[in-house]
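Number of protein chains: 4
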Amino acid sequence: MRTRIAASGGATDAHNLEERAVDDLSAFARQIFESQPFSQFIGARLTGSGPRDAEISLPISGQHQQQHGFVHGGVISYLADNTITFAGGLALGGNALTSEFKINYLKPARGSLLVARAHATGVGKRQAVCQCEIYSVEDGEEKLCAIAQGTVVAAAQ
Amino acid sequence: MRTRIAASGGATDAHNLEERAVDDLSAFARQIFESQPFSQFIGARLTGSGPRDAEISLPISGQHQQQHGFVHGGVISYLADNTITFAGGLALGGNALTSEFKINYLKPARGSLLVARAHATGVGKRQAVCQCEIYSVEDGEEKLCAIAQGTVVAAAQ
Amino acid sequence: MRTRIAASGGATDAHNLEERAVDDLSAFARQIFESQPFSQFIGARLTGSGPRDAEISLPISGQHQQQHGFVHGGVISYLADNTITFAGGLALGGNALTSEFKINYLKPARGSLLVARAHATGVGKRQAVCQCEIYSVEDGEEKLCAIAQGTVVAAAQ
Amino acid sequence: MRTRIAASGGATDAHNLEERAVDDLSAFARQIFESQPFSQFIGARLTGSGPRDAEISLPISGQHQQQHGFVHGGVISYLADNTITFAGGLALGGNALTSEFKINYLKPARGSLLVARAHATGVGKRQAVCQCEIYSVEDGEEKLCAIAQGTVVAAAQ
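Residue numbers (my numbering), protein chains in the order written: chain A, 1 to 157; chain B, 158 to 314; chain C, 315 to 471; chain D, 472 to 628.
Each hint should be verified, as a subset may be incorrect.
[Claimed, not checked] Pairs of lysine-lysine residues, derived as BS3-like cross-links and limited to a Cα-Cα distance of at most 25 angstroms, are as follows:
| hint | chain 1 | residue 1 | chain 2 | residue 2 |
| --- | --- | --- | --- | --- |
| 1 | A | Lys107 | A | Lys143 |
| 2 | B | Lys264 | C | Lys439 |
| 3 | A | Lys143 | D | Lys596 |
| 4 | C | Lys421 | B | Lys282 |
| 5 | A | Lys125 | B | Lys282 |
| 6 | C | Lys457 | C | Lys421 |
| 7 | B | Lys282 | C | Lys457 |
| 8 | D | Lys578 | C | Lys439 |
| 9 | C | Lys421 | D | Lys596 |
| 10 | C | Lys439 | B | Lys300 |
| 11 | A | Lys125 | C | Lys439 |
| 12 | D | Lys614 | B | Lys282 |
| 13 | A | Lys125 | D | Lys578 |
| 14 | B | Lys300 | B | Lys264 |
| 15 | D | Lys578 | A | Lys107 |
| 16 | B | Lys282 | A | Lys107 |
| 17 | D | Lys614 | D | Lys578 |
| 18 | D | Lys596 | A | Lys125 |
[Claimed, not checked] What follows is a set of in silico ranges between Cβ atoms, one per label pair, in the way DEER data are often shown:
| hint | chain 1 | residue 1 | chain 2 | residue 2 | range |
| --- | --- | --- | --- | --- | --- |
| 19 | C | Lys421 | D | Gly564 | 23 to 31 angstroms |
| 20 | B | Gly251 | A | Gln40 | 35 to 43 angstroms |
| 21 | C | Gln377 | B | Pro216 | 17 to 25 angstroms |
| 22 | C | Lys421 | D | Thr518 | 40 to 48 angstroms |
| 23 | D | Ala627 | C | Arg359 | 42 to 50 angstroms |
| 24 | C | Gln377 | A | Gln67 | 15 to 23 angstroms |
| 25 | D | Pro579 | B | His225 | 43 to 51 angstroms |
| 26 | A | Arg30 | C | Phe342 | 27 to 35 angstroms |
Quick caveat, the hints were computed from the structure, so don't treat them as lab data.
Nothing here was measured: the structure is a model prediction, and the numbers come from that model.
The beta carbon of each residue, even a glycine, is placed where N, CA and C say it ideally should be.
If we strip away everything but chain A, and leave its shape as in the complex, we get:
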């Protein structure tokens, strides 16, 4: 995860300004995330952000399961949708929404935690195309359980 780390004292002014802009954007992302009732309801947390990246984590509990005890595909598609939104929004520098995405499920997810990481691969003025990987953490090991690809568009002002 390309989460930004706070800079030390020796950085140039220009660098400091850029750092602050990224800090501000990360804070903005956290604030938006925390104002999403559904993300709170489902139990997700924004655990990383960068200029073109976002990471959302979700501790797995019984209520996330489908009929066979695996994580429901809808939980995984929520992670794809929302992580893509944040990676794209960070790349576009403000309010944004996912206009479409596609997901392939690779293997059933179980374990203690889901981690979704999205990266804005192609960034234009008004839209960003993002790729997302969703991992389940089982016995301390990350297993890739789904991949997604989608478009984020800047919200009309």
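Following the hints, complete the assembly by docking chains B, C and D onto the known chain A.
The following block gives chains B, C and D in isolation, referenced to the frame of chain A:
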């Protein structure tokens, strides 16, 4: 919704058998749906089923929202994923799972209810390709807010 | 196919104006299509257009095949891409391009002709979401061989 | 491109056998590719292959263009479809076909050459999920112009 309606007395035996098979499959679908903890948690109900069709409804409440008061995309993608699973499973005649899907959001969803309807457009021996429309019901009127397309594969026995 | 038919004399002026606008748009679509070298090279023709619809046909010949004698998936994906572009462009009223699409192949295509029909299902100011069906014509009968769904965006002026 | 390189003399027998298997599979892939009339017609060449990877290149000429002089999206979607087929077929070890894919166009393609590279990210017994990047080569520099994601299924024997 092509929900099957119970047949009257004059039907032929062959017809009755087929009816019973459809009844059994619908009952099987309901049973599976009710054993999905996530579908219970999110508040969805299987409100229709047919030989190649499924309908899932979800009364909208505050916990389904994103930061602007609309329904979160993850709720809508859950509906696409699961309604496609049931339409495909009914078409394939048994246990099945969505292996991939794609969704386009057409307009923000709000109102009192979401209704998702999926139909298996192409059915083979081991997989079904389904299309799904997701409507929000606002002031008693259905508005198309997303369309999806995906693949359901028969679960290994 | 919702191809517009020339109006008779009794129409109102407003109706005539609208008819002319549709005629103009269809002529504009034909002109664009005929200026696509790849569409000429592959042997496709724009065989229908309407306010939100387009139809492209392609007589099948040996050069369109893959290794087993069926039509190559790339020919079918060309039809999906381009028919979606024209349906979306007609709906948006001008120059447009497909920004993304997804296709599911339902059955191998052979026969004498392919016909692709796209419809703009969701139309906004700057983008249209379209659905497309691609048929092969075998022994005079249309068989659905693929379905697609994608986004068309208005070209920057 | 993870194209296999011939092994030197010191390899173990097991290694030699595996090398030969990969050589055989690459030769098999080339043979299939060369028996695709549409790939010959459009002017594409299989320029790389590995246990889970394929690369297809296409020198750009006038006949590949759309109305504005860029490469037609249908040419790029052909590359996505076919490169995904070969990466998946190599990963599955035999005859295979693309059952579905999704593509996002990132920027208009022009220049002298297109290069598409696909990798099988998730491989099961009967299907492989692949990701593909399509580059245009302009002034000797590769520019990412589209990304795709799709499913390849083993052909019925």
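Hints, one by one, checked against the model:
A C-alpha spacing of about 9 angstroms is found between Lys107 of chain A and Lys143 of chain A, which places the hinted pair at or below 25 angstroms, so the restraint holds. For the proposed pair Lys264 of chain B and Lys439 of chain C, the alpha carbon gap of about 12 angstroms is at most 25 angstroms, so the pair holds. Of the supplied pair hints, the one linking Lys143 of chain A and Lys596 of chain D holds, its CA atoms being roughly 18 angstroms apart against a limit of 25 angstroms. Only pairs whose Cα atoms come within 25 angstroms are accepted, and Lys421 of chain C paired with Lys282 of chain B is accepted, the gap being roughly 12 angstroms.
Between the alpha carbons of Lys125 of chain A and Lys282 of chain B the distance comes to roughly 45 angstroms, so the proposed pair goes past 25 angstroms and is violated. Only pairs whose Cα atoms come within 25 angstroms are accepted, and Lys457 of chain C paired with Lys421 of chain C is accepted, the gap being roughly 9 angstroms. This hinted pair checks out: Lys282 of chain B and Lys457 of chain C have alpha carbons roughly 18 angstroms apart, not beyond 25 angstroms. Note on Lys578 of chain D and Lys439 of chain C: the hinted pairing holds, with a Cα-Cα distance of about 21 angstroms set against a maximum of 25 angstroms.
For the given pair, Lys421 of chain C sits about 21 angstroms from Lys596 of chain D by alpha-carbon distance, which is consistent with the 25 angstroms threshold. Restraint check for Lys439 of chain C and Lys300 of chain B: satisfied, since their Cα atoms lie roughly 18 angstroms apart, inside the 25 angstroms limit. Among the hinted pairs, Lys125 of chain A with Lys439 of chain C is consistent with the structure: their alpha-carbon atoms are about 17 angstroms apart, no more than 25 angstroms. Proposed proximity of Lys614 of chain D and Lys282 of chain B is contradicted: the alpha carbons are some 41 angstroms apart, above 25 angstroms.
Pair hint Lys125 of chain A plus Lys578 of chain D holds up; C-alpha atoms about 12 angstroms apart against a cutoff of 25 angstroms. Distance hint between Lys300 of chain B and Lys264 of chain B is fulfilled; the C-alpha atoms sit about 9 angstroms from each other, no more than 25 angstroms. With a C-alpha separation of about 32 angstroms, the suggested pair Lys578 of chain D and Lys107 of chain A falls outside the 25 angstroms cut-off, and the hint is violated. The hinted pair formed by Lys282 of chain B and Lys107 of chain A meets the criterion: a straight-line CA distance of about 21 angstroms does not exceed 25 angstroms.
Taken as a hint, the Lys614 of chain D and Lys578 of chain D pair is honoured in the structure, with Cα atoms around 9 angstroms apart against an allowance of 25 angstroms. At roughly 42 angstroms between alpha-carbon atoms, Lys596 of chain D and Lys125 of chain A are farther apart than 25 angstroms, so this suggested pair is violated. Our hint of 23 to 31 angstroms for Lys421 of chain C and Gly564 of chain D holds, since their Cβ atoms are close to 24 angstroms apart. Distance hint for Gly251 of chain B and Gln40 of chain A: a CB-CB separation of about 37 angstroms, consistent with the stated range 35 to 43 angstroms.
The hinted window of 17 to 25 angstroms between Gln377 of chain C and Pro216 of chain B is violated, with their beta carbons roughly 55 angstroms apart. Between Lys421 of chain C and Thr518 of chain D the C-beta distance comes to about 31 angstroms, which lies outside the given range of 40 to 48 angstroms. A hinted range of 42 to 50 angstroms for the beta carbons of Ala627 of chain D and Arg359 of chain C is inconsistent with their spacing of about 34 angstroms. Under the hint 15 to 23 angstroms, the C-beta atoms of Gln377 of chain C and Gln67 of chain A, about 49 angstroms apart, miss the expected range.
Between Pro579 of chain D and His225 of chain B, the C-beta spacing of about 33 angstroms breaks the proposed range 43 to 51 angstroms. With their beta carbons about 48 angstroms apart, Arg30 of chain A and Phe342 of chain C fall outside the hinted range of 27 to 35 angstroms.
Violated hints for the displayed structure, listed by number in ascending order: 5, 12, 15, 18, 21, 22, 23, 24, 25, 26.
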